[in-house]
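Based on the sequences and whatever the hints tell you, model everything.
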Amino acid sequence: MSNRPELLAPPEIFYDDSEARKYTSSSRIIDIQARLSERALELLALPVDGIPRLLLDIGCGSGLSGETLTENGHQWIGLDVSQSMLNIALEREVEGDLLLGDMGQGLALRPGIIDGAISISAVQWLCNADKSSHEPRLRLKAFFGSLYRCLARGARAVFQMYPENIAQRELILRSAMHAGFAGGVVIDYPHSAKSRKEYLVLTCGPPSLSTAVPRGKGEDGESCSEDENSEENQMVCISDRNRPKKKQKITRKGKGRDWIFKKKEQLRRKGNAVPPDTRYTGRKRKARF
Amino acid sequence: MRLFTHNMLSSNIKGVSNGFPLRIEVEQVLEKQVDFNPDFVKNLFPKLEWKALVDGARTLGYAELPEEADSSMLESEEFLRKVHHALLELHLEEGALTCPETGRKFPVTKGIPNMLLHEDEV
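Note that the protein sequences, when read in sequence, are chains A and B. For the first sequence, position 289 (counting from the first letter as 1) is numbered 289 according to full-length UniProt numbering, and the numbering increases by one without interruption. For the second sequence, position 7 (counting from the first letter as 1) is numbered 7 according to full-length UniProt numbering, and the numbering increases by one without interruption.
No lab work stands behind these hints: they were computed from the structure. Mixed in with the good hints, there may be bad ones.
[Said to hold, decoys possible] Result set (DSSO-like, lysine-lysine): computed pairs, CA atoms no more than 27 Å apart in a straight line: (1) B:Lys-14 x A:Lys-141; (2) A:Lys-131 x B:Lys-82; (3) B:Lys-105 x A:Lys-141; (4) A:Lys-194 x A:Lys-22; (5) A:Lys-22 x B:Lys-110; (6) A:Lys-264 x A:Lys-286; (7) A:Lys-255 x A:Lys-270; (8) B:Lys-47 x A:Lys-141.
These figures come from a predicted structure and were not determined experimentally.
Pasting the structure below:
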């Protein structure tokens with residue numbers, strides 16, 4: 001059986017009361033979530049001036065990732081589709097404001113106000129069609145479109161995600177690019193099956209120097225238990241919808257008679273057997289040929 | 001839900017062109033102490049819809065905010081403290097938010113607004 005929760009049930013049903021409690025009482029999960037959100041916040045690259053920012057936590061669940069934001073002094077708004085998860089968040093008395101909402105329906109926020117967004121292990125849920133009315137492509141479009149609108153220009157959004165396969169990753173990435181984001185995927189520890197983590201780093205606004213995708217951790221076989229300290233990490237993949245397309249030379253005319261004579265001359269000089277130049281060489285053919 | 005969230009929220013029902021500000025219906029309001037940070041207020045101030053904030057604060061029973069505000073007032077700490085109180089310390093615990101255009105109600109329970117849309121509203 002698969003161990004991917006997305007395949008078992010829709011999020012608002014999968015994370016029922018008991019699953020939500022299980023999720024939040026596991027110290028292992030808490031630890032992982034804290035580390036993921038720490039890294040996401042790092043990738044968010046907020047200016048270091050000590051000013052608290054207004055951040056968005058998409059798929060905040062029981063507020064584990066939000067706690068990291070609070071610890072770093074930011075104010076945040078959390079959005080989740082599971083009431084049970086939010087109830088646990090209330091019990092844990094998280095600092096941020098909580099909203100019950102479905103990110104696939106688009107975010108109900110005013111344009112240009114959010115300083116940054118993080119999302120831990122949530123976007124891949126959008127690729128599922130749990131109801132007959134769900135169309136993953138449209139839900140992704142609604143989500144990224146509304147996110148793009150509500151972010152301030154130049155703000156970043158970082159999504160830690162577990163895409164099921166390459167097609168899913170492409171679908172997510174493409175939807176983000178269509179919405180206008182620039183950015184790409186950062187992969188931490190790409191050589192390790194267990195510690196490998198994917199982050200989608202998006203910047204709102206046209207591509208510039210500041211939209212360059214940061215590097216992943218542990219790219220050159222660095223052991224995963226040691227955190228940080230890797231200098232020569234490598235960026236794994238970048239895509240950018242504004243990148244100029246490869247230019248194809250299209251000339252209607254073809255190569256021409258002179259070109260053929262030149263080539264034949266070259267081959268003759270090499271000593272190849274070349275047919276003689278005649279009036280038929282490189283002549284125009286009739287259209288029906 | 002606090003007022004800074006209310007100031008950000010707008011209804012995104014299909015076909016609604018101006019879903020801001022959502023009207024607040026109050027059943028219960030809570031006050032919680034939050035550490036005062038003038039930088040946050042200053043940073044957030046240009047993005048605020050002031051009128052919506054003043055109206056929202058009135059609805060929650062806090063009428064200390066002036067009708068008009070501009071960035072020169074950010075110098076005064078008293079003003080910053082008032083804004084801070086309105087933004088971060090007033091919680092709408094029970095009640096509802098109403099879309100100004102369609103009148104659709106989003107219930108608020110235990111401080112969490114339910115913004116889930118029905119299938120025909122997406």
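Cross-check of the supplied hints:
{"no.": "1", "hint": "B:Lys-14 x A:Lys-141", "result": "holds, 14 Å"}
{"no.": "2", "hint": "A:Lys-131 x B:Lys-82", "result": "violated, 46 Å"}
{"no.": "3", "hint": "B:Lys-105 x A:Lys-141", "result": "holds, 26 Å"}
{"no.": "4", "hint": "A:Lys-194 x A:Lys-22", "result": "holds, 21 Å"}
{"no.": "5", "hint": "A:Lys-22 x B:Lys-110", "result": "holds, 22 Å"}
{"no.": "6", "hint": "A:Lys-264 x A:Lys-286", "result": "holds, 23 Å"}
{"no.": "7", "hint": "A:Lys-255 x A:Lys-270", "result": "holds, 21 Å"}
{"no.": "8", "hint": "B:Lys-47 x A:Lys-141", "result": "holds, 26 Å"}
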